[in-house]
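Chains as they are written, first to last, in my numbering: chain F, 1 to 113; chain A, 114 to 223.
It is possible that part of the hints are untrue.
[Said to hold, decoys possible] Calculated pairs, DMTMM-like style, for lysine to aspartate or glutamate (alpha carbon to alpha carbon, straight line, at most 20 angstroms):
| hint | chain 1 | residue 1 | chain 2 | residue 2 |
| --- | --- | --- | --- | --- |
| 1 | F | 65 | F | 54 |
| 2 | A | 170 | F | 101 |
| 3 | A | 171 | A | 139 |
| 4 | A | 181 | A | 139 |
| 5 | F | 65 | F | 87 |
| 6 | A | 171 | A | 192 |
| 7 | A | 155 | F | 26 |
| 8 | A | 155 | F | 106 |
| 9 | A | 210 | F | 54 |
| 10 | A | 155 | F | 101 |
| 11 | A | 171 | F | 106 |
[Said to hold, decoys possible] Only part of the chain F face toward chain A is listed, based on derived beta-carbon distances under 8 angstroms:
| hint | residue |
| --- | --- |
| 12 | 45 |
| 13 | 96 |
| 14 | 103 |
| 15 | 104 |
[What the hints assert, rightly or not] Far from chain A, some chain F residues (derived; all Cβ distances over 10 angstroms):
| hint | residue |
| --- | --- |
| 16 | 13 |
| 17 | 15 |
| 18 | 20 |
| 19 | 26 |
| 20 | 52 |
| 21 | 69 |
| 22 | 70 |
| 23 | 84 |
| 24 | 86 |
| 25 | 92 |
| 26 | 105 |
Keep in mind the hints are simulated off the structure, nothing from the lab. Think of the CB as a built atom: it goes at the ideal place given N, C-alpha and C, for glycine as much as any other residue.
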Amino acid sequence: SAVISQKPSRDICQRGTSLTIQCQVDSQVTMMFWYRQQPGQSLTLIATANQGSEATYESGFVIDKFPISRPNLTFSTLTVSNMSPEDSSIYLCSVVFGATELFFGEGSRLTVL
Amino acid sequence: QQQVKQSPQSLIVQKGGISIINCAYENTAFDYFPWYQQFPGKGPALLIAIRPDVSEKKEGRFTISFNKSAKQFSLHIMDSQPGDSATYFCAGVHDYKLSFGAGTTVTVRA
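Put together the whole structure using the sequences plus the hints.
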């Protein structure tokens with residue numbers, strides 16, 4: 001399986017600010033995704049991070065709020081913009097490794113005050 | 114609308130017992146069904162997975178049973194251990210995108 005590193009592992013932010021989360025994979029992967037896990041909840045797909053093109057967002061998520069970059073096959077960033085307390089969640093990077101197996105990073109726990 | 118329904122929300126089992134978690138799905142486009150185990154403060158870890166053309170898959174103490182006609186699948190944890198205490202998520206996959214169940218918190222009492 002791939003080793004997936006996320007930074008920061010946790011952060012406390014003020015309302016109205018933005019935070020960029022990084023995801024680094026130790027090998028090249030074609031498919032990379034960003035998920036959100038709200039407190040005590042399940043995981044929800046935010047978007048597919050496409051290498052060299054704009055991310056593909058799921059219903060309910062928009063680029064202005066969650067801009068994503070994917071400059072190469074091992075790295076992606078997710079920015080949470082103009083944060084509110086409702087954005088307090090764990091944000092997780094996921095990659096496809098092998099034929100169909102999907103693996104997750106340890107997540108970035110964000111608290112917005 | 115949640116595409117994968119998972120039950121129970123939580124369960125308590127004695128050490129050595131069997132934990133059973135059930136999931137049902139609606140989307141027949143799903144072509145892969147993984148289970149993830151998540152400990153507090155950690156990301157979900159892939160536990161075991163099955164394709165819809167297989168009725169059962171066993172890996173160690175973990176078994177998936179799959180009923181394609183009923184659109185249901187379940188996870189059995191045999192000989193449950195305190196280290197198995199975690200939250201378990203089932204999921205359906207289509208186009209590499211995961212649709213998760215709500216999760217089941219399993220507590221194994223020593």
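task = Could you grab the alpha-carbon distance between residue 171 of chain A and residue 106 of chain F and see if it respects the 20 angstroms cut-off?
result = At roughly 26 angstroms apart (the allowed maximum being 20 angstroms), residue 106 of chain F and residue 171 of chain A break the hint.
key: Hinted contact residue 103 of chain F with chain A - closest CB pair below 8 angstroms   = holds (6 angstroms)
ask   = Once the closest CB in chain A is found, is it more than 10 angstroms from residue 70 of chain F?
value = holds (15 angstroms)
query = Keeping to a limit of 20 angstroms between CA atoms, is the pair of residue 155 of chain A and residue 26 of chain F held or broken?
reply = holds (19 angstroms)
request  = Have a go at the residue 104 of chain F hint: is there a Cβ in chain A nearer than 8 angstroms to its own Cβ?
outcome  = Where the cut-off is 8 angstroms and the nearest Cβ of chain A is about 4 angstroms from residue 104 of chain F, the hint holds.
query = Taking C-beta pairs only, is residue 20 of chain F more than 10 angstroms away from all of chain A?
reply = holds (19 angstroms)
query = Between residue 65 of chain F and residue 87 of chain F, does the CA-CA distance stay at or below 20 angstroms?
reply = Satisfied, since the Cα-Cα distance of roughly 10 angstroms is no more than 20 angstroms.
key: Pairwise hint evaluation, residue 54 of chain F against residue 65 of chain F, where the allowed Cα distance is 20 angstroms at most   = holds (14 angstroms)
inquiry  = Checking one constraint from the list: CA of residue 181 of chain A to CA of residue 139 of chain A, max 20 angstroms. Satisfied?
reply    = Between residue 181 of chain A and residue 139 of chain A the Cα gap is close to 11 angstroms, so the pair holds against 20 angstroms.
No chain A beta carbon within 10 angstroms of residue 92 of chain F's = violated (6 angstroms)
Given pair status - residue 101 of chain F, residue 155 of chain A, alpha carbons within 20 angstroms = Roughly 18 angstroms separates the two Cα atoms, so the pair holds.
ask   = Taking the least C-beta to C-beta distance, is residue 45 of chain F closer than 8 angstroms to chain A?
value = With a minimum Cβ separation of about 6 angstroms from chain A (threshold 8 angstroms), the hint on residue 45 of chain F holds.
The structure fails hints 3, 11, 25, 26 (numbered hints given earlier, in ascending order).
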